[in-house]
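*Asks:* Now for the letters of each chain:
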Amino acid sequence: MISLSGKRILLVEDEYLLARQLTRALAREGASVVGCVATVAAALDQLARLPQIDLAILDINLAGEPVYPVATELRQRDVPFLFLSGYELEDRDPRFAGVPQLSKPITIATLMTALRTIPAPPE
Amino acid sequence: MLDALFSAAPIGLAIWDRDLRFVRVNDSLAEMNGLSPAQHIGRSPADLFPDLAGLDALLDQWRAMLETGEPLRDVEVVGSTQGLGGGRSWNEHFFPIRVDRAIIGIGAVVEETTERKRVEAELVRSEARFREFAEASSDILWLRNTDTAEFEFLSGSLRSLLSADVPGRGDRAIEFDWQAAIVPEDRAAAFAELAKVRDGHRVTHSFRVRLPGRTRVRWIKNTAFPLPDRDGIVRRIGGIAQDVTEEIETDQRLRLMIGELQHRTRNLMGVVQAVAESTLETSPDLGTFAAAFENRMRALSRAQNLLSTLTGSERLCFDDLLRAELDAFGALPEDDHRVTLNGPAGILLRSSSIQTLALALHELTTNAIKHGALAQPAARLSISWARESGEGGADRLVVHWRETDVAMTGSGRRDHRGQGRELIEFGLPHQLGARLDYRLTDDGVACLMSLPVTYTPA
Numbered sequence: 342m343i344s345l346s347g348k349r350i351l352l353v354e355d356e357y358l359l360a361r362q363l364t365r366a367l368a369r370e371g372a373s374v375v376g377c378v379a380t381v382a383a384a385l386d387q388l389a390r391l392p393q394i395d396l397a398i399l400d401i402n403l404a405g406e407p408v409y410p411v412a413t414e415l416r417q418r419d420v421p422f423l424f425l426s427g428y429e430l431e432d433r434d435p436r437f438a439g440v441p442q443l444s445k446p447i448t449i450a451t452l453m454t455a456l457r458t459i460p461a462p463p464e
Numbered sequence: 018m019l020d021a022l023f024s025a026a027p028i029g030l031a032i033w034d035r036d037l038r039f040v041r042v043n044d045s046l047a048e049m050n051g052l053s054p055a056q057h058i059g060r061s062p063a064d065l066f067p068d069l070a071g072l073d074a075l076l077d078q079w080r081a082m083l084e085t086g087e088p089l090r091d092v093e094v095v096g097s098t099q100g101l102g103g104g105r106s107w108n109e110h111f112f113p114i115r116v117d118r119a120i121i122g123i124g125a126v127v128e129e130t131t132e133r134k135r136v137e138a139e140l141v142r143s144e145a146r147f148r149e150f151a152e153a154s155s156d157i158l159w160l161r162n163t164d165t166a167e168f169e170f171l172s173g174s175l176r177s178l179l180s181a182d183v184p185g186r187g188d189r190a191i192e193f194d195w196q197a198a199i200v201p202e203d204r205a206a207a208f209a210e211l212a213k214v215r216d217g218h219r220v221t222h223s224f225r226v227r228l229p230g231r232t233r234v235r236w237i238k239n240t241a242f243p244l245p246d247r248d249g250i251v252r253r254i255g256g257i258a259q260d261v262t263e264e265i266e267t268d269q270r271l272r273l274m275i276g277e278l279q280h281r282t283r284n285l286m287g288v289v290q291a292v293a294e295s296t297l298e299t300s301p302d303l304g305t306f307a308a309a310f311e312n313r314m315r316a317l318s319r320a321q322n323l324l325s326t327l328t329g330s331e332r333l334c335f336d337d338l339l340r341a342e343l344d345a346f347g348a349l350p351e352d353d354h355r356v357t358l359n360g361p362a363g364i365l366l367r368s369s370s371i372q373t374l375a376l377a378l379h380e381l382t383t384n385a386i387k388h389g390a391l392a393q394p395a396a397r398l399s400i401s402w403a404r405e406s407g408e409g410g411a412d413r414l415v416v417h418w419r420e421t422d423v424a425m426t427g428s429g430r431r432d433h434r435g436q437g438r439e440l441i442e443f444g445l446p447h448q449l450g451a452r453l454d455y456r457l458t459d460d461g462v463a464c465l466m467s468l469p470v471t472y473t474p475a
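Taken in order, these protein sequences are the chains called Z and S.
Mapping to my numbering: the first sequence position 62 is 403, numbers consecutive.
Mapping to my numbering: the second sequence position 112 is 129, numbers consecutive.
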């Protein structure tokens, strides 16, 4: 189990109230959300700019736009991530079949457990 | 021995003399005629079979044969004979019988064809019935010869699929290259399935086609089956093809709608959870929490109600959303003289933006009621909006919420609207890409919102 303390997190979630709730919950665990964005373009922009990201949380559907380009970029950078979704598992892009996914509505406790047990990226 | 062959042959044989009287008749022919062989001898056909059609003309031909020696082959004789009923038919060959060079009589070989004709006629009727059935079906029935690679049958329903102006009616073949009609992406899979049929398997598969005379790609569901010959070799395959474009499109639309509904519902539950949590953070006691939480839930419900009245690709207008929120607090201009609205009706909103925008308008309204223009009799609230065109057709809705003549003392100056203001100042930019300018001025709140409204109807 890894500690979230001091982790730098990228949060991609279009629903502001959910993003706000997650940001505050993560802060209570000692992590900091260094980027909180609602679109693929903004997420890719943050990835290009932020010096270091330890973890990412991605909502799959961003107002109709799939988040997968961000997932692809994260995978290339070996940044571990997980998905949040209002969809069932079978709607997933098969390229990311092994990525953990939490179905909304999520509780902060489940999110914390999932983040702590997220598999490390391959060396 | 020849006598024995003559009488026992399973085919009718007869000999007439030059006066066209029976000289010999074998058992087979006598049986066909319903008489004994002996009853024929010395009589002419005209005596024995007055009901045969065209007998006089036939007898004329016999007389001519006696002169020319030219045999008559494949003569169809129809009619009735003694005692065996009508509607019978025979196939007959007539030839001159010579002794030395002189023609002394006529011989005949007779085969009864009544049963064969009946079966043939039944086949023709049955095939006509099948064709009628095939033509009436909206499915395309087809039969293909794998040796010649040609269609032996292709039902007319294909014509309605192709287009009205493809020539060919009834039995006339419809000419088109079906292999080329299958879209390239589906071609290999479709051929692989049909190859299985040649190996003796039945298959049902779907593929897309672009048919001549049609611009839209259609979905075809095809069931194909082998029709092996008696030797077990498949030289023909049959099939039933259906245009399932509408079914597939409806199915895709439904899946999309269900997915969207599921997404929205789960999102909404997350929002409710977040609203509860954040309301709890700012509530000193449960009573305050209950009142604030209920109000926010009502605002969310109003937005959901408006959304649920929409059908298909309809979109909600800003003025509807604003008026619904103000109406919930009796704050429409017709109910409250302090309020003025000024802006065009019918500016369409993105449906993903409605929930957050509704909550933001709710926060502005409740703040005005608790601490702002709607808490003071002499104050004013003016809300004006317009659509402004931006770069590249990216139109924006610009809303100016202006409270004036608010005495900024006491509750007017207090700014314990942290959460609502946060939603407006951070939530709208985050979720809607809005630009915000929220200020507490000397005489009330001034809030300028500019949000993208570009929506291209599907």
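Hints are computed from structural coordinates only; laboratory data are not their basis.
One should not assume that every hint holds.
Stated by the list, open to error - Chain Z residues, not near chain S, derived (Cβ > 12 Å throughout):
#: 1; residue: 373
#: 2; residue: 427
#: 3; residue: 439
To be verified - Okay, the calculated beta carbon distance ranges per label pair:
#: 4; chain 1: S; residue 1: 202; chain 2: Z; residue 2: 390; range: 21 to 31 Å
#: 5; chain 1: S; residue 1: 424; chain 2: Z; residue 2: 389; range: 44 to 54 Å
#: 6; chain 1: Z; residue 1: 369; chain 2: S; residue 2: 201; range: 52 to 62 Å
#: 7; chain 1: Z; residue 1: 451; chain 2: S; residue 2: 163; range: 53 to 63 Å
#: 8; chain 1: Z; residue 1: 389; chain 2: S; residue 2: 386; range: 53 to 63 Å
Here the structure is a predicted model, which means the values were calculated and not measured.
Virtual Cβ for every residue (Gly too), placed ideally from N, Cα, C.
*Asks:* Each hint needs a verdict: does it hold in this structure or not?
*Replies:* These are the hints, each one checked on the structure:
Against the 12 Å criterion, residue 373/Z stays outside the reach of chain S, whose nearest CB is about 17 Å from its own CB. The claim that residue 427/Z lies off the interface is violated: its Cβ sits roughly 3 Å from the closest Cβ of chain S, which falls inside the 12 Å cut-off. For residue 439/Z, the non-interface assignment is confirmed: its Cβ lies about 22 Å from the closest Cβ of chain S, beyond the 12 Å cut-off. Checked against the hint of 21 to 31 Å, the pair residue 202/S and residue 390/Z fails, with Cβ atoms roughly 40 Å apart.
Checked against the hint of 44 to 54 Å, the pair residue 424/S and residue 389/Z passes, with Cβ atoms roughly 50 Å apart. For residue 369/Z paired with residue 201/S, a C-beta distance near 56 Å keeps the hint of 52 to 62 Å intact. For the pair residue 451/Z and residue 163/S, the supplied restraint of 53 to 63 Å holds, since their beta-carbon distance comes to about 60 Å. Taking the beta carbon of each, residue 389/Z and residue 386/S are about 45 Å apart, not inside 53 to 63 Å as hinted.
Checked against the numbered hints above, the structure violates hints 2, 4, 8; every other hint is satisfied.
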